[in-house]
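Engineer: Residue strings, one per chain:
2 protein chains.
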Amino acid sequence: MDLTATTATLATTTAQVAALLPGRVPNPVLGGVLLTADAHGVVLAGSDREHGLRLTRTALVHAEGRALVAAKPLAETLRALDADQVRLVVEGPRLAVRTPTARFALPLLDTDAHPGVPAPPPVTGSVRGEAWRRAVLAVAPTASRDGTLPIFTGLRLWAEGDRLVLLATDRYRMAMAELPWRPEPNASRLDLLAPAGVLADVAKQVGRGETVALHADPDRVGLTWATDSFSTALLAMPFPDDRARRLLESVVAGTADVDADTVAAAVRRAAPYGGPHGTVTLAAADGELRVRGNDPQAGESEETVKATVSGHHGTTVYQARYLLDALRPFAGRSVRMGFQEGLRPTVLTAGPDEDEVDLTYLVVPMRPPGE
Amino acid sequence: MDLTATTATLATTTAQVAALLPGRVPNPVLGGVLLTADAHGVVLAGSDREHGLRLTRTALVHAEGRALVAAKPLAETLRALDADQVRLVVEGPRLAVRTPTARFALPLLDTDAHPGVPAPPPVTGSVRGEAWRRAVLAVAPTASRDGTLPIFTGLRLWAEGDRLVLLATDRYRMAMAELPWRPEPNASRLDLLAPAGVLADVAKQVGRGETVALHADPDRVGLTWATDSFSTALLAMPFPDDRARRLLESVVAGTADVDADTVAAAVRRAAPYGGPHGTVTLAAADGELRVRGNDPQAGESEETVKATVSGHHGTTVYQARYLLDALRPFAGRSVRMGFQEGLRPTVLTAGPDEDEVDLTYLVVPMRPPGE
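Quick note, the sequences are listed as chains A and B, same order. Counting from 1, position 3 in the first sequence corresponds to residue 10 in this note's numbering; the numbering is continuous, with no gaps. Counting from 1, position 217 in the second sequence corresponds to residue 224 in this note's numbering; the numbering is continuous, with no gaps.
The following block holds chain A by itself, in its conformation from the complex (with noise of 0.2 Å):
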């Protein structure tokens, strides 16, 4: 193999497989990035077998080959290159990284050891990359880290028509997108459970005007876009979808609209005033909202947010992170917040973005301090 491409384009494309693969493997092999090279140009693929990423990028091939290195040195000696062009050669049980001044030599893997990236399953439908890109790191967020529940660390997913919802819950908060959905002909229903925290990854590579193809069958689900695709294994259903459907049937008490940004700064000065539990409390009032803090050691802080308030006018005491994470997927725009009674989710919604992506987003109360 031996081929020259832009330093930069090879440096983003290798630090994406790379960050695919788990940090530190038993076997080394599934920490490598697999290079592949023809008359088309060179595809750079990474599999730790649950995962799989293959990504095609243009070069100037001079002996078609492949090759596979350590996904991560290789990025890293890309990154801090500072000449356009880079040539990765072949050379005896090495790979080269060669500029004009300088060799980087790379031990080879055994190609034969690898398990392979796995093409995706069949088209199930599309969706347009910036809105899936937005959905997806709005909702993801908000599925659990913690691997000991795995149903909560998942992303779902399903199919409605010509809508996609996505949702996402660790149990205190929960984010369902709407996006639109085109179907492919005769394809089963998409319907799925996925892991959260890795499509959230590869959406942040999908480009605002492509198209993603949505692929899956009983194990696996694929995405498809431009000239890149990536597939993982899903998780283990059932998902409490019927608990979820409750938490939607929300009876709101009253409503205040406010600009997402302003209250979310409020509550970040808030929030070190906090107390034990870093609480901040909302208190609606006429054409207002208040945000306050009180801590025993901190000192207290209040702060009034203009919003347009209707209904019963409450007080909710929310964790502050858990409220900014519920304000952040509103960033730049108004959010309607909707105050349920006693400890039920407080509902936010904004109606669809100009990508058409529908967010509900609902927080849980904590119990006021003393109750």
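Honestly, the hints are just simulated from the structure, not real lab data. Only a predicted model underlies this, so the values are computations on that prediction, with no experimental measurement involved. Yeah, the Cβ is synthetic: ideal placement off N, Cα and C, and Gly gets one too. Among the hints, erroneous ones may be present.
[As the list claims (entries may be wrong)] Derived contacts from chain A toward chain B, CB cut-off under 7 Å, selection only:
| no. | residue |
| --- | --- |
| 1 | Gly306 |
| 2 | Glu309 |
| 3 | Glu310 |
[As the list claims (entries may be wrong)] Output of the computed footprint for chain A on chain B, the stretches with three or more beta carbons under 8 Å from beta carbons of chain A:
| no. | stretch |
| --- | --- |
| 4 | 105-116 |
| 5 | 270-281 |
| 6 | 307-319 |
Starting from the known structure of chain A, fit chain B onto it as the hints suggest.
Structural biologist: Just chain B now, kept in the frame of chain A:
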């Protein structure tokens, strides 16, 4: 006390006081910022008995007075505000931080329990702000951070006629800077050992155009600039001056004149190939310096950097991070590397810069692997 001031100025100043104070103090009063408002403005001061900082800022004072509150929470609250102006007013047992829409109330600490901020000792001379800043920030990082050998955490500082000399070493590297010095008539000669870390932190606060006066007595060193002052307790002498002087008596066998940034970039790229001890090799050749890494696992690297080489063409092994530390103060300039025989240190020099700071950096090579 009741005053109005520019939020950004108060936020920066309070953060500077907070940064000087230790993170956790058994006595909370020592973590406090003492605010004193009078007709001239507001003085923000802090002291943990060892260090003392006193910063005077413009303020519209509605009522004179004093207040002591925890420095870090006040700094955090001020930094997070988005109002241009902020009012600080004592309200009962609280210092209230007020903007048109918000109020934060921090508990007052007992001013009488605060040790006060010592006044700086007598003036011994002065330097230009930018030269001081550059010299301290170049030399201080070479001091050890390991408090078990306190003398190596010090910055040695002495005057020789119209030159001020700064020197620090952790025994593996040594940095020395000379800069123009205006001695105070009839003052005793400056010669002391001060804690390097805090001098570097304070040097960052000094403006380019300001004059810095140095103050000293047998116990403390002080700095005054613009409307601000700082002082700290000295470290106990003796510093190993003779040993330092012997190190500086170099017998250079060969030199290479190179662009400091270019060599540093090559060393950074070679570092991942630096093997178990993180070493890189420099080899002088005709018109170039070769930067090499070699690691049984990661592979090898070699990069060529243009250089003007004269004298003996040798090969020297360094700890990559020490070599990078040595090159950093010469950023943006050509540096002369003087190589000595065996394990005698390599001497980096560049002549006086535009601020007339003349820097000499010594870095001790490592024994080549396998010797």
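Engineer: Taking the hints in turn, state whether each one holds.
Structural biologist: Now the hints, each set against the structure:
1. Gly306: Interface hint status for glycine 306 of chain A: holds (4 Å vs cutoff 7 Å).
2. Glu309: 5 Å, holds
3. Glu310: 4 Å, holds
4. 105-116: With 7 residues closer than 8 Å to chain A, the stretch 105-116 of chain B meets the three-residue bar; holds.
5. 270-281: holds (count 6)
6. 307-319: holds (count 6)
Going down the numbered hints, you'll see the structure goes against none, and every one checks out.
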